[in-house]
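Novice: Throw the hints in and build the complete structure from the sequences for me.
Protein chains: 2
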Amino acid sequence: MTGEKDKGWLAIAGLGPGDEALVTPEVTAALAGATDVIGYIPYVARIAAREGLTLHPSDNRVELDRAALALDLAAQGRRVVVVSSGDPGVFAMASAVFEALEAGPSRWRTLDIRVLPGITAMLAASARAGAPLGHDFCAINLSDNLKPWAMIEKRLRLAVEADFALALYNPRSKARPEGFARALALLKELCGDDRPMLFARAVTTPQEDLRIVPLGKAHDEMADMRTTVIVGSSRTRIIERAAGPILYTPRSVAEVAS
Amino acid sequence: MTGEKDKGWLAIAGLGPGDEALVTPEVTAALAGATDVIGYIPYVARIAAREGLTLHPSDNRVELDRAALALDLAAQGRRVVVVSSGDPGVFAMASAVFEALEAGPSRWRTLDIRVLPGITAMLAASARAGAPLGHDFCAINLSDNLKPWAMIEKRLRLAVEADFALALYNPRSKARPEGFARALALLKELCGDDRPMLFARAVTTPQEDLRIVPLGKAHDEMADMRTTVIVGSSRTRIIERAAGPILYTPRSVAEVAS
Numbered sequence: 001m002t003g004e005k006d007k008g009w010l011a012i013a014g015l016g017p018g019d020e021a022l023v024t025p026e027v028t029a030a031l032a033g034a035t036d037v038i039g040y041i042p043y044v045a046r047i048a049a050r051e052g053l054t055l056h057p058s059d060n061r062v063e064l065d066r067a068a069l070a071l072d073l074a075a076q077g078r079r080v081v082v083v084s085s086g087d088p089g090v091f092a093m094a095s096a097v098f099e100a101l102e103a104g105p106s107r108w109r110t111l112d113i114r115v116l117p118g119i120t121a122m123l124a125a126s127a128r129a130g131a132p133l134g135h136d137f138c139a140i141n142l143s144d145n146l147k148p149w150a151m152i153e154k155r156l157r158l159a160v161e162a163d164f165a166l167a168l169y170n171p172r173s174k175a176r177p178e179g180f181a182r183a184l185a186l187l188k189e190l191c192g193d194d195r196p197m198l199f200a201r202a203v204t205t206p207q208e209d210l211r212i213v214p215l216g217k218a219h220d221e222m223a224d225m226r227t228t229v230i231v232g233s234s235r236t237r238i239i240e241r242a243a244g245p246i247l248y249t250p251r252s253v254a255e256v257a258s
Numbered sequence: 001m002t003g004e005k006d007k008g009w010l011a012i013a014g015l016g017p018g019d020e021a022l023v024t025p026e027v028t029a030a031l032a033g034a035t036d037v038i039g040y041i042p043y044v045a046r047i048a049a050r051e052g053l054t055l056h057p058s059d060n061r062v063e064l065d066r067a068a069l070a071l072d073l074a075a076q077g078r079r080v081v082v083v084s085s086g087d088p089g090v091f092a093m094a095s096a097v098f099e100a101l102e103a104g105p106s107r108w109r110t111l112d113i114r115v116l117p118g119i120t121a122m123l124a125a126s127a128r129a130g131a132p133l134g135h136d137f138c139a140i141n142l143s144d145n146l147k148p149w150a151m152i153e154k155r156l157r158l159a160v161e162a163d164f165a166l167a168l169y170n171p172r173s174k175a176r177p178e179g180f181a182r183a184l185a186l187l188k189e190l191c192g193d194d195r196p197m198l199f200a201r202a203v204t205t206p207q208e209d210l211r212i213v214p215l216g217k218a219h220d221e222m223a224d225m226r227t228t229v230i231v232g233s234s235r236t237r238i239i240e241r242a243a244g245p246i247l248y249t250p251r252s253v254a255e256v257a258s
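These protein sequence lines are chains A and B, in that order.
All the letters of the first sequence, read from the start, carry residue numbers 1 to 258 under UniProt numbering.
All the letters of the second sequence, read from the start, carry residue numbers 1 to 258 under UniProt numbering.
No lab work stands behind these hints, which were simulated from the structure alone.
Just to be clear, a hint being listed does not mean it is correct.
Identical copies go unnamed one by one, so any copy, or any two together, can satisfy a pair.
Said to hold, decoys possible - Mimicking SDA-like on lysine to any residue, the simulated pairs with C-alpha atoms at most 20 Å apart in a straight line are: (1) K7 with A242; (2) K154 with E240; (3) K154 with R107; (4) K217 with L190; (5) K174 with L190; (6) K154 with S234; (7) K188 with V44; (8) K154 with S252; (9) K154 with L190; (10) K174 with R235; (11) K7 with G244; (12) K7 with D72; (13) K7 with R241; (14) K217 with R195; (15) K7 with A243; (16) K154 with V253.
Computed from a prediction, not measured in an experiment: that's the story for all the values here.
Specialist: Below you can see the structure in the form of structure tokens.
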């Protein structure tokens, strides 16, 4: 029993988009049992300090260092939670931990490692706006830190040809001010000016800002690092209401065409 | 105050993949305040009966009737929760409700309607297996009830060309025994036999069954209506461990290539 109790573990957990009411009980329980919480500064800032819990906030772009620290602490018998916003498996820490695990010492492969899913930004944004991802869709990370721009452009072209709705993560940051403008110009060329899209900033937080606009009215400064962008498919529709528009994609291709 | 209290509302809520620890507190609160719960029989069966709550289970393939009932009850001042498994905005009830709203009487457009996100099947499956959706990916509903098979095939081809990981919902049902075999044959042709994939059945429930296999070893009877299938991108990797393999897609294209 003591041995079991002393055995370390690593949970890679999603905190959801910001509202505490969107944190799953599974994640809350893992945090309650943790000795160490590791993650990007603003995500660790969401965790309340308590006796017996060490917080390890770190800066952006040090994901592999953070992952190695987490694996090392778990190997020492600590109970470690790595926190991501949204879902840890979507452009977040889970892949970074597995990259570190694969490259690291073989003893790490005996660790108890679990991924605890969360509400990812595109699903929170979609819910707030209606249901723009109600039919087939794709998710593309627009950051070219870790992949060449040509690949992003190829994926945008093919995704539009497939008539997916597109969820675009990390559209724009101070370090990459130009990429999103290029992506928008390409999307306008491929989809036309009337295609509806959503800029969803800081969804479910007090700073939430939702804007539904046609592609022709979109410009790159509508997005920042806290924005998720959704571009509708050719079937995506707007329902006008006094309380604000609803953006949604019908389930059926045939019904819309008839 | 009484007027506010008597005002109906409609919440379209995601119950997550099955484990109650994955139901968000937001959804739990909505259910606690509801007078009526509407949904497909197995999802409504997850809701505990209580005084003052009417359960309205209905069969599959009556989504628009269900949506109209929900809107009508909310318009009568009832507090209604439509339940989906997973996330209501991903191949689920949110789009059906908005289709009914758009086609229905204009008074429905003044209703208080909210979509409450949930953990969708692909994210739960991905978490259990590792992080196969850690890079760009797409989600395709393989049911051809509501779209022509040619569109599914076109989307599979373009998604593989874009080198997305693929999450495939509703791969196979008794009513559609053949489509998934065709999809698998196409994917083998496009991706080769070695591409790793995941069959994730009844994720997070006591019936959970996860199988990571190369495409060449996959056959259509590995999937049923409770299975979510994930096909890796060309970068998706397996980490072998005594406790079972981890399936993940690295964040970086450049790092893997170097």
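Novice: Are the hints correct? Go through all of them and say.
Specialist: Going down the list of hints, with the structure as the test:
In this homomeric assembly, K7 and A242 come within 20 Å of each other (Cα to Cα) only across copies, at 17 Å, whereas the closest approach inside a single copy is 57 Å. Taking the shortest Cα distances, K154 and E240 never come within 20 Å of each other, neither inside one copy (34 Å) nor across copies (32 Å). In this assembly of identical chains, the alpha carbons of K154 and R107 never lie at most 20 Å apart, being 40 Å within a copy and 44 Å across copies at closest. In this assembly of identical chains, K217 and L190 lie within 20 Å of each other by CA distance solely inside one copy; the values are 15 Å within and 38 Å between copies.
Proximity of K174 and L190 under a CA criterion of 20 Å is satisfied in neither setting, with 26 Å inside one chain copy and 38 Å between copies. Taking the closest pair of Cα atoms, K154 and S234 come within 20 Å of each other both inside a single copy (19 Å) and across two copies (15 Å). When the C-alpha separation of K188 and V44 is checked against a cutoff of 20 Å, the pair qualifies neither within a copy, at 38 Å, nor between copies, at 43 Å. With identical chains, the CA atoms of K154 and S252 are at most 20 Å apart between copies only, with a shortest distance of 16 Å across copies and 27 Å within one.
Taking the closest pair of Cα atoms, K154 and L190 come within 20 Å of each other both inside a single copy (12 Å) and across two copies (18 Å). Taking the shortest Cα distances, K174 and R235 never come within 20 Å of each other, neither inside one copy (33 Å) nor across copies (29 Å). In the homo-oligomer, the alpha carbons of K7 and G244 lie at most 20 Å apart only across protomers (19 Å), although the nearest pairing inside one protomer, at 52 Å, exceeds that limit. In the homo-oligomer, the alpha carbons of K7 and D72 lie at most 20 Å apart inside one protomer (13 Å), although the nearest pairing across protomers, at 54 Å, exceeds that limit.
Only between protomers do K7 and R241 lie at most 20 Å apart by alpha-carbon distance; the minimum there is 18 Å, versus 55 Å within a single protomer. Only within a single protomer do K217 and R195 lie at most 20 Å apart by alpha-carbon distance; the minimum there is 10 Å, versus 41 Å between protomers. In the homo-oligomer, the alpha carbons of K7 and A243 lie at most 20 Å apart only across protomers (15 Å), although the nearest pairing inside one protomer, at 53 Å, exceeds that limit. For a Cα distance limit of 20 Å, the shortest separation of K154 from V253 across copies, 14 Å, qualifies, whereas the shortest one inside one copy, 25 Å, does not.
Against the hints set out earlier in the document, violations occur for numbers 2, 3, 5, 7, 10.
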